[in-house]
Amino acid sequence: MILQLSPAANYLARRAALSALTLLLITIIAFILMRVAPGDAVLAAMARAPGEMSLSAEDIESRRAALGLDRSYPAQYLSWMGGLARLDAGRSITSGIPVGSEVAPRIAATIELALLSTLIAGLTGTFAGAIAAWKGGRFDLVCRTLALAGLSAPAFWLGLIVVIALAVWANVFIASGYAQPWEDAWANFTRMGPAALTLAVRPAALVFRVVRISTAGVLGSDFVRAARARGLSESAILWGHAFRASALPGLTALGAQAVFLLSGSVVIEQVFGIPGLGRSLTEGVLTRDYPLVQFLVLLFGIFALLANFAVDVLYMKLDPRVRLAA
Amino acid sequence: MTARFAATTAARAGLLLALCLVVLLLLGMRAEELDGRGDLGNRLAGPGWSHPLGTDQLGRDMQARIAAGLRGTLLTGISVAAISGLAGGLAGLLSGLWRSWPDLLLQRLNDALMALPLLVLALAVVAATGPTRIGVVIALSVAFTPLVLRVVRASTLAVQQEGYVEAARASGATTWHVVTTHLARNVAGPWAVVVSTQVGGAALAEASLSFLGAGVGGGGSLGALLGAEAQTYAFAAPWLIIWPGIVLALVSIAANLIGDGLAHSASPQPLLPSASKEKG
Chain A
-14 MILQLSPAAN YLARRAALSA LTLLLITIIA FILMRVAPGD AVLAAMARAP GEMSLSAEDI
46 ESRRAALGLD RSYPAQYLSW MGGLARLDAG RSITSGIPVG SEVAPRIAAT IELALLSTLI
106 AGLTGTFAGA IAAWKGGRFD LVCRTLALAG LSAPAFWLGL IVVIALAVWA NVFIASGYAQ
166 PWEDAWANFT RMGPAALTLA VRPAALVFRV VRISTAGVLG SDFVRAARAR GLSESAILWG
226 HAFRASALPG LTALGAQAVF LLSGSVVIEQ VFGIPGLGRS LTEGVLTRDY PLVQFLVLLF
286 GIFALLANFA VDVLYMKLDP RVRLAA
Chain B
383 MTARFAATTA ARAGLLLALC LVVLLLLGMR AEELDGRGDL GNRLAGPGWS HPLGTDQLGR
443 DMQARIAAGL RGTLLTGISV AAISGLAGGL AGLLSGLWRS WPDLLLQRLN DALMALPLLV
503 LALAVVAATG PTRIGVVIAL SVAFTPLVLR VVRASTLAVQ QEGYVEAARA SGATTWHVVT
563 THLARNVAGP WAVVVSTQVG GAALAEASLS FLGAGVGGGG SLGALLGAEA QTYAFAAPWL
623 IIWPGIVLAL VSIAANLIGD GLAHSASPQP LLPSASKEKG
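Residue numbers (my numbering), protein chains in the order written: chain A, -14 to 311; chain B, 383 to 662.
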């Protein structure tokens, strides 16, 4: 090797190369999925607009030709990839707008939702987990029950309940839409707050479980006994010693949930009427808008890979053993 | 292992809950017989004596509708867990045994599938298969198989590192013997944990698909009961939304508890060290 990399950088470079390969496979999966089905965008448009049902067979063929759907699959795939290389993902079949411009204004909402939920889930899950393991007893039991319920309740259902409860009991109706936080912070908060809280329930429950178990393990370990023997207070032991060691597995659990958050954002955006990527995807799937769905699947894949990569880097920063092993 | 399974609290609670769901199913089927078409004079009635869980916008008994939905949800969840369990289990076992280029290829494909958010993948497959019962089962099986594959392959690799497997190999045991006596037994535990948990996961994912309009419609699952129709009346009749969601959560809790019980009985050490006792 001409370039001498540190072991850590070497490890990350290998991960990046693997991610690139994964991404290539994702493009193939996204492409194939949208084409194995009977019917296509032209037929789907006809089914939606009964007025156009009179399209003759030749009309349908010419429309397919105009959209490039009459070429062979490899040719379609290569032209899509060629377009992506030139930063051109094609035009949405339903709206006629370039896919990039259709998707771009929706990215901020989805990313804000995911980041807010990660923050909420990380903080509540870690602290509740550490305290539950430390205190035990009733607090522990209540937290564990809540976590089990949070893991089991479907996210969109929790969202529906939140919307209904606020409307019926507090007479508060959550407005749909998205306001940029730097333009109207209050409108942004009132729209994204309930959505982010709802989305955070499941990852918070998972982080709680992991941190609780690892804190319980650390509290019984020798270095904690030694700290106790030196006469340190219980809270100094928990926050100064045990917490640092037990927060790491929590971080891993949270990182693994990044992909779930993207998945959950699809339904949560629907519940709270947030115009994000997830809603585009749902609409695209129902209208069989190939270029749009292909691009969105790719985009979700990129986000998920970036999230996993970020967790790796963070983990190496926090845990010296990982740095050395790499 | 069976005795240890039945001894864990989680397993007992899970089985009890599963039994409750079966009772609910039977009671609902009875209600279905009594009131198959609903009574229009009694629309959106709150929970009461004649209809314990209330009625919907067409006067149909919610208990009966929930039973029908629960049947569809369980059918979907169990089918998905069975298909992904078999496919992922076999592929993971083979992939872990013969580690050559098919393994490498399969692992990259598996990584790519797992990198995609579950619902995004399932939605894209449903776009291809269509929102029918079979289409949804296929979509969710595609989405749930990669995790089973990863778990089974990892434990296959781990077991092969064990001294007793090396010893068996060294003493001339065939691959078949190693698979049937050593691997099958040790891989079965983690496999059962994943598959049982996936019944709940698939039930929840199916509900999300239904909610988005890409699942089975017409009250064919608990998720379908939570669809656009119910949401229209949700403010006037919250029970239309509340009951199906709770039953759905119970399905998921039961699957998780049974999975926990299996995990406890499959692992040699207790999962939670009894650290808190030492504190005092």
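To be clear, the hints were calculated from the coordinates, so they are not data collected in a lab.
Among the hints, a few may not be true.
Stated by the list, open to error - Listed next, the stretches of chain A that the computed footprint assigns to chain B, with coverage defined by at least 3 CB atoms under 8 Å from CB atoms of chain B:
id	region
1	10 to 17
2	125 to 137
3	244 to 251
4	279 to 288
All residues carry an ideal CB built from backbone N, CA and C; glycine is no exception.
I'd like to know which numbered hints this structure contradicts. Please list them from smallest to largest.
none
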